[in-house]
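Position chain B relative to chain A; hints supplied.
Sequences listed follow chains A and B, in order.
Residue numbering for the first sequence follows our numbering, beginning at 24 and increasing consecutively.
Residue numbering for the second sequence follows our numbering, beginning at 24 and increasing consecutively.
Don't read these hints as lab results, they were simulated from the structure.
The reader is advised that the hints may include incorrect statements.
Identical copies look the same in the list; a pair holds intra-copy or inter-copy alike.
Straight-line distance between alpha carbons at most 30 angstroms, and here's what the computed DSS-like set of lysine-lysine pairs gives [as the list claims (entries may be wrong)]:
id	residue 1	residue 2
1	107	355
2	37	246
3	369	232
4	371	111
5	355	44
6	111	37
7	111	246
8	232	371
9	107	360
10	360	111
11	37	228
12	190	360
13	44	190
14	102	302
15	369	44
There are 2 protein chains.
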Amino acid sequence: MVIPIDIKSSESKKYNIYIEKLGRIEFSHKVAIVTNPTVSKLHLKSLLSTIEAPSVEVIEVPDGEEYKTIESVLSILDKLFSAKFDRKSTLIALGGGVIGDMTGFTASMYQRGVDFIQVPTTLLAQVDASVGGKTGVNNSYGKNLIGAFYQPRAVYINPLFLNTLPKREFAAGVAEAIKMAIMFDKEMFDFILNNTLEDEENIVKLIAKSVELKADVVNQDEKESGIRAVLNYGHTFGHVVENLTHYTRYLHGEAVAIGMVMANELAVILGLLSEQEAKVIQELLEKNSLPTTFVIDDIEEFYEHFYLDKKSAAGNIAFILPNGSIGTHTIKRDIPKESVLLALEKFKG
Amino acid sequence: MVIPIDIKSSESKKYNIYIEKLGRIEFSHKVAIVTNPTVSKLHLKSLLSTIEAPSVEVIEVPDGEEYKTIESVLSILDKLFSAKFDRKSTLIALGGGVIGDMTGFTASMYQRGVDFIQVPTTLLAQVDASVGGKTGVNNSYGKNLIGAFYQPRAVYINPLFLNTLPKREFAAGVAEAIKMAIMFDKEMFDFILNNTLEDEENIVKLIAKSVELKADVVNQDEKESGIRAVLNYGHTFGHVVENLTHYTRYLHGEAVAIGMVMANELAVILGLLSEQEAKVIQELLEKNSLPTTFVIDDIEEFYEHFYLDKKSAAGNIAFILPNGSIGTHTIKRDIPKESVLLALEKFKG
Chain A
24 MVIPIDIKSS ESKKYNIYIE KLGRIEFSHK VAIVTNPTVS KLHLKSLLST IEAPSVEVIE
84 VPDGEEYKTI ESVLSILDKL FSAKFDRKST LIALGGGVIG DMTGFTASMY QRGVDFIQVP
144 TTLLAQVDAS VGGKTGVNNS YGKNLIGAFY QPRAVYINPL FLNTLPKREF AAGVAEAIKM
204 AIMFDKEMFD FILNNTLEDE ENIVKLIAKS VELKADVVNQ DEKESGIRAV LNYGHTFGHV
264 VENLTHYTRY LHGEAVAIGM VMANELAVIL GLLSEQEAKV IQELLEKNSL PTTFVIDDIE
324 EFYEHFYLDK KSAAGNIAFI LPNGSIGTHT IKRDIPKESV LLALEKFKG
Chain B
24 MVIPIDIKSS ESKKYNIYIE KLGRIEFSHK VAIVTNPTVS KLHLKSLLST IEAPSVEVIE
84 VPDGEEYKTI ESVLSILDKL FSAKFDRKST LIALGGGVIG DMTGFTASMY QRGVDFIQVP
144 TTLLAQVDAS VGGKTGVNNS YGKNLIGAFY QPRAVYINPL FLNTLPKREF AAGVAEAIKM
204 AIMFDKEMFD FILNNTLEDE ENIVKLIAKS VELKADVVNQ DEKESGIRAV LNYGHTFGHV
264 VENLTHYTRY LHGEAVAIGM VMANELAVIL GLLSEQEAKV IQELLEKNSL PTTFVIDDIE
324 EFYEHFYLDK KSAAGNIAFI LPNGSIGTHT IKRDIPKESV LLALEKFKG
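This is chain A alone, in the form it adopts within the complex (with noise of 0.2 angstroms):
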């Protein structure tokens, strides 16, 4: 399956996702393989045998989103620079959002922009992250806040690669489907909710699905300037919940589905979604494994740290919420902070 992904703002930014096996690519200059320790035991093997390329070098960055550093993407400079990497070579990422983000990040930057290619192997990159041309890293101040909006070459979707996938990254995948269908897709949502995820044909459904909603935003909006900001739904909420847990209790996908189920709670308040709709989400979000409950020492601590994303702009935070019902979506940048706090507290310890 190949779905083309063409950003309007731009004659140069055209490429296609792929959802297969892996077949030949080829390249007519030198190929560089971006990747971790764990991710490379798995499936560095079997990427290799599908790749022509006058040389392929491998470079290894430790595991884990607190690696996703300036520090980490200047060791990957180096190693392109000591290997005389030119203008035309490819960098490929092998490996989550994390892998990816920094992979990117890197070739936007090699000799002002070499191209790259996403073969994700997470469903958390296959579904969202592998897609749309945000890359960067963290810093003291937070996450992503340093990158570029860069589009790769072409993406490379091998659902293969999900059966090595430890169960609780798999639902954190899920979290961002569902987090697609809730703002885009009632129909979507339903066939989540009504079909099993162990079953394979399913999964590459649920990857095609995403894919689809993800590339038809982001080809009407790259820079996040408009409707690119709705895939935040869950987000606002869900950074503050890594933050105050220092990134380490939670998969990005599990605070995003606590995020969805606190700003579900503020959705309900403002009268933008039913509480029965907001009990059906939740449930689905249990149903597949993921967190919905956050306890919250201070409310006002809380709240202070919305102020700490970079989407936050000058001062006004918006929220990005159902519209009514599920399958629609709305962003609000003057919700008063009474109504927050008030959602809020239902969270308090």
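Quick look at chain B alone, frame taken from chain A:
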């Protein structure tokens, strides 16, 4: 005078270049001026008097090409984070090419991209570096090897800034203007040949013509996949000269002047330029206080250095040369090593 930039590949990359005394510039969000102590002392006050913004931060980096590093960029980023700049903030580059390149690169990655404005204070930055969106830093492998193509929101060129510019730096800017004339515009070449650059009106004409030519090239080919490479005339040789002298002996424009004389030797050998025209160019450079001689100790070593240049894609060195006479250009990728060595012989110690 306003020269519009409209890069064809993208809707969103329109901006203006203003050549005039600075007028009032208004901002609705925070502004950071990035500059160095030397420029700050001379021009910060006059820039500040034109800016209206909720708050203005001044960030100074040390003066000099040796500080055009990723470390300087990281220190600017850190100051922006600690001052809580958001996505709608604007960076203003007040200085020469080094400040402009670093500020643009910083802007490209701060929260995946914020606006930046170029206020070039050297002739070189006014006629060349501030236009076209090439940003970046040097590293131990060479110049501008890490960076981004990132267009400013506007360029404000104030010719009055040149009154305080050292004579040597002024000459370095003239070199880049002569470069553009040789490649694209015989009439402009004759203008420089026949008029004094002691006259302010002539300087403004020179800046305007250079910027028009550069804008035209960048509009056609932002990412240097074609005609933009022509702007590297004199640079292939010049970069080696800079590298061999560890970026300390010559200003960039001075090295380009030497590089053009070397390129012209090659052009004469290949029948692409008459000896007479090569001589006229050399004399014009000398009349403008630019160096035109360089003693090469080891021509093989000099040749090897071409391969360190990032423009030497996959081992093919691209030589940019006049194509028969002044005002014309060609890109040659198949020049035999012997011809190049023959040209270099003329500079042998």
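Hints versus structure:
1. 107 to 355: Close across copies (22 angstroms), not inside one copy (49 angstroms); limit 30 angstroms.
2. 37 to 246: both (15 angstroms within a copy, 16 angstroms between copies)
3. 369 to 232: So residue 369 and residue 232 fail the 30 angstroms test inside a copy (33 angstroms) and across (66 angstroms) alike.
4. 371 to 111: neither (54 angstroms within a copy, 33 angstroms between copies)
5. 355 to 44: neither (41 angstroms within a copy, 42 angstroms between copies)
6. 111 to 37: Cα proximity of residue 111 and residue 37: in one copy and across copies (18 angstroms, 28 angstroms).
7. 111 to 246: both (25 angstroms within a copy, 13 angstroms between copies)
8. 232 to 371: For residue 232 and residue 371, the Cα distance exceeds 30 angstroms both inside one copy (36 angstroms) and across copies (66 angstroms).
9. 107 to 360: Classified as between: cross-chain Cα gap 21 angstroms, same-chain 54 angstroms, threshold 30 angstroms.
10. 360 to 111: For residue 360 and residue 111, the Cα distance is within 30 angstroms only across copies (22 angstroms; inside one copy 51 angstroms).
11. 37 to 228: Classified as within; 23 angstroms inside a copy, 40 angstroms across copies.
12. 190 to 360: neither (37 angstroms within a copy, 59 angstroms between copies)
13. 44 to 190: within (21 angstroms within a copy, 64 angstroms between copies)
14. 102 to 302: neither (50 angstroms within a copy, 44 angstroms between copies)
15. 369 to 44: neither (45 angstroms within a copy, 59 angstroms between copies)
Hint compliance for this structure: hints 3, 4, 5, 8, 12, 14 and 15 are not met, and every other hint is.
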